[in-house]
Amino acid sequence: MLSEFTAIPGRSLAFWRMVGAMLVLVLMGAGAFFYVEHHGHAVTGMNNQIVWGLPHVFAISLLVMASGALNMGSMSTVFAVKQFEQFGRFSAFLSIALLVGGLAVLMLDLGRPDNMLLPMVYMNFRSMFTWNVFLYTGFMTLCLLYLWTMFEYKQYKKLVGTAAFGWRLVLTTGTGSIFGVIQGREVFGSAITAPTFVAISLTSGTAIGILLLVHTYRRTGRQLDDKLIFGMRNALIFFLALVAYLLIVEKFTRFYDPSSYAVESWILNGPWAWLYWLGVWGVGVLIPLVLMFNREIGNSVGGVLVASGFVVAGAFCFVAHTLLAGQSYPFDLFPGYVTSSAFQDGVAGSYVPTLSELFLGLGGVGISGLIFLLGIRFFRMLPEKAVAPAGWELPWTP
Amino acid sequence: MKSPTSLAGRLSRVSFLILVLIAAWTMALSIGEAGPPQPEKAVRGPCVRDAEWMRRNHMDFLKHKREETVREGIAVKSESFLACAGCHQSRERFCDRCHAYAVVAPNCFECHQYPK
Amino acid sequence: MTMDRRSVLGLGGAIAAGVALAPGLHLIAAPADKSTPETAPVRTGKRWAMLIDTTRCTADCTECTQACRAENNVPLFGDPDRDIHWIRKVELRDQNRRQAPISLPVLCNHCENPPCVHVCPTEASFIRHDGLVLIDKHRCIGCRYCIIACPYKARSLVFYKTRPPRDANPNVPIRAAGVVEKCTFCVHRIDDGKPPACVEACTKANKGAMLFGDINDPNSEISQRLLKEKTQTIRPDLGLKPHVHYKGI
Numbered sequence: 014m015l016s017e018f019t020a021i022p023g024r025s026l027a028f029w030r031m032v033g034a035m036l037v038l039v040l041m042g043a044g045a046f047f048y049v050e051h052h053g054h055a056v057t058g059m060n061n062q063i064v065w066g067l068p069h070v071f072a073i074s075l076l077v078m079a080s081g082a083l084n085m086g087s088m089s090t091v092f093a094v095k096q097f098e099q100f101g102r103f104s105a106f107l108s109i110a111l112l113v114g115g116l117a118v119l120m121l122d123l124g125r126p127d128n129m130l131l132p133m134v135y136m137n138f139r140s141m142f143t144w145n146v147f148l149y150t151g152f153m154t155l156c157l158l159y160l161w162t163m164f165e166y167k168q169y170k171k172l173v174g175t176a177a178f179g180w181r182l183v184l185t186t187g188t189g190s191i192f193g194v195i196q197g198r199e200v201f202g203s204a205i206t207a208p209t210f211v212a213i214s215l216t217s218g219t220a221i222g223i224l225l226l227v228h229t230y231r232r233t234g235r236q237l238d239d240k241l242i243f244g245m246r247n248a249l250i251f252f253l254a255l256v257a258y259l260l261i262v263e264k265f266t267r268f269y270d271p272s273s274y275a276v277e278s279w280i281l282n283g284p285w286a287w288l289y290w291l292g293v294w295g296v297g298v299l300i301p302l303v304l305m306f307n308r309e310i311g312n313s314v315g316g317v318l319v320a321s322g323f324v325v326a327g328a329f330c331f332v333a334h335t336l337l338a339g340q341s342y343p344f345d346l347f348p349g350y351v352t353s354s355a356f357q358d359g360v361a362g363s364y365v366p367t368l369s370e371l372f373l374g375l376g377g378v379g380i381s382g383l384i385f386l387l388g389i390r391f392f393r394m395l396p397e398k399a400v401a402p403a404g405w406e407l408p409w410t411p
Numbered sequence: 054m055k056s057p058t059s060l061a062g063r064l065s066r067v068s069f070l071i072l073v074l075i076a077a078w079t080m081a082l083s084i085g086e087a088g089p090p091q092p093e094k095a096v097r098g099p100c101v102r103d104a105e106w107m108r109r110n111h112m113d114f115l116k117h118k119r120e121e122t123v124r125e126g127i128a129v130k131s132e133s134f135l136a137c138a139g140c141h142q143s144r145e146r147f148c149d150r151c152h153a154y155a156v157v158a159p160n161c162f163e164c165h166q167y168p169k
Numbered sequence: 430m431t432m433d434r435r436s437v438l439g440l441g442g443a444i445a446a447g448v449a450l451a452p453g454l455h456l457i458a459a460p461a462d463k464s465t466p467e468t469a470p471v472r473t474g475k476r477w478a479m480l481i482d483t484t485r486c487t488a489d490c491t492e493c494t495q496a497c498r499a500e501n502n503v504p505l506f507g508d509p510d511r512d513i514h515w516i517r518k519v520e521l522r523d524q525n526r527r528q529a530p531i532s533l534p535v536l537c538n539h540c541e542n543p544p545c546v547h548v549c550p551t552e553a554s555f556i557r558h559d560g561l562v563l564i565d566k567h568r569c570i571g572c573r574y575c576i577i578a579c580p581y582k583a584r585s586l587v588f589y590k591t592r593p594p595r596d597a598n599p600n601v602p603i604r605a606a607g608v609v610e611k612c613t614f615c616v617h618r619i620d621d622g623k624p625p626a627c628v629e630a631c632t633k634a635n636k637g638a639m640l641f642g643d644i645n646d647p648n649s650e651i652s653q654r655l656l657k658e659k660t661q662t663i664r665p666d667l668g669l670k671p672h673v674h675y676k677g678i
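Protein chains in written order, with the working numbering: chain X, 14 to 411; chain Z, 54 to 169; chain E, 430 to 678.
These are computed hints drawn from the structure, not numbers from a lab. Be aware that one or more of the hints could be misleading.
Stated by the list, open to error - Pulled from the structure, derived: some chain E residues nowhere near chain Z, Cβ distances all over 10 Å: (1) 476; (2) 523; (3) 604.
What the hints assert, rightly or not - Here are the simulated BS3-like pairs of lysine-lysine, each with C-alpha atoms no more than 27 Å apart in a straight line: (4) E:475 x E:676; (5) Z:118 x E:657; (6) E:566 x Z:118; (7) E:657 x E:623; (8) E:623 x Z:118; (9) E:623 x Z:130; (10) Z:116 x E:676; (11) X:167 x X:264; (12) E:566 x Z:116; (13) E:475 x Z:130; (14) E:676 x E:659; (15) Z:130 x E:566; (16) E:590 x Z:169; (17) E:659 x Z:169.
It should be emphasised that the depicted structure is a prediction, and the values quoted were computed from it without experimental measurement. Where is the CB? At the ideal position from N, CA and C, for every residue including glycine.
Next up, chain X with everything else stripped away, as it sits in the complex:
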């Protein structure tokens, strides 16, 4: 059933132009890194209230997408959805590419990047960060092993693929828990944050997979069965529903608790409300759902691509909202009192990102892109011809 896996030829000018563009992004990121390194973080928009800014939004979005990108592989290996087996290599590889880009941004934004390796030397096992160090390196290793088994040792594929799938769930739970375990800031500190991150990783990972897959096939003139894309569309719709469900449950439980009225109405109505309504809900959930449920748009590959684009942007908004709204909510040191001080007590933090942060974040995207492009250029990642198995019909179409 499977046609032969090949590397893309990658001889065209367009290919090298894309590689060049990614290199430019990487260089911009490197420039931003040295600029911030040289001047201190004062040249970024970050301050003592909002200490994680745009670079972290980029990094965490990439990391969340990385674990989600493994979906296609897991679907075939773990859940025996045979038609996606042909994208297993692609999916595991995409995970690695995104992971490296995201981690690079996190590392390069450290206040003291020269101490970057200390977390490997001294470990505090109560820290979510330490866990994440393990989870990321473990995930990377498992993805590489998974790739390797898909190339050479098919008999272990199921085992390693299942391990990678389990790991990715824990991994994204870990990423979400970075915020979920924080009780000191009212907006964070919810048990449902981690599951929501998992759901967001499912949507955004599938969406980025669709985007890159279709573009790669189109640009290399290979044949890709539309039915496969529509299969992924159905999965995407399901995942989006999951996100919507978790978002609603969170608000529902929070609004049941009088002590969080202030926080919650601030989120829905405060300075970051636009990001919540337009970004998380509009761009991230509603628009793509409407598009994909539309009979005409939902049944065209172009329409699914647009919807996927929205989903990826929505994941970005979700991470941005979690981080920025979460940090700018004023500390309530003395409930019942109005506080004021020279250190912005009692006022919401303000954050205006700067170019250097944007460049640093884009540098991470560049790294991921570069790895991805070179990977499909030099390794046999994708089948020449991706067709749905004979007799397989989509269970549902809009």
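On the provided structure of chain X, position chains Z and E as indicated by the hints.
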């Protein structure tokens, strides 16, 4: 590209050449300077440990001390970082002179005050 | 040629192994300590705490914050969003404006369950034997997770590169950009048997709003007053067991 061994071989040969060049270059640079450096003499003595031992191990000594002082709270005044400056009175003529020669650049003085 | 290449590689491997092992080794190969009375382990059994009497603190007084800046060489950059505050004066007004406003200093609470220490990946933030929550700046990687976790806003990242001020206190190192810092209860003074600079300044200015002491010693003044007077901590609901107590809120 036809035979991977030849590519790998070429790559390793090129990188070896680069390594040799770098080594030769640094050696040429250090020969240009006049032999091992002469750090400034201490104004008093003796050193907190045997001077010969200190020459080789002062970094371990300092790092061990800082672990003890900062984390365990065992502050030994006479062996503190500040105390070094009491006898080795110039950073430039003592620490830096050696370090420039050994091509190490400890970042301690970003935070620690030490007379120039 | 082959030999050379191999030895170069071997050297590289040795360096890599050395880099990997070095941090562990320097602890093992530590020089033997002279056993002077100075080297006795830190005064264990103590638990430092502070009591702040807000009824004696006035809005116009900044003795404590100034003394802190002088003692610990904490600069003001003139960038309110990014200034470093080890201790700051906060003004409280009740929402209906019925009472007179309260003024009080807020500083690191040196919690018994410090969330900053829990989240620090490298154990740069740690609890010393005598309960002080400190930052080992040598280990800090500047990830800022602790700033996220601290509910008191007690921590600041150093956003700017600084130079030592001309009249710097030589006993306290200055700072490097990208490292997180906060109040240390003036650990260098405590180790010398002196109270923190803010407390001393408050006492000198005849305010007497700040009291510092060991709460493990039942006879210390602070233990006695905590027993008798009605005090509270900031955000007790979080369960952090802070050790800066306030009276009169």
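Checklist entry - So which of the earlier hints does this model not fit? => result 3, 5, 10, 11, 17
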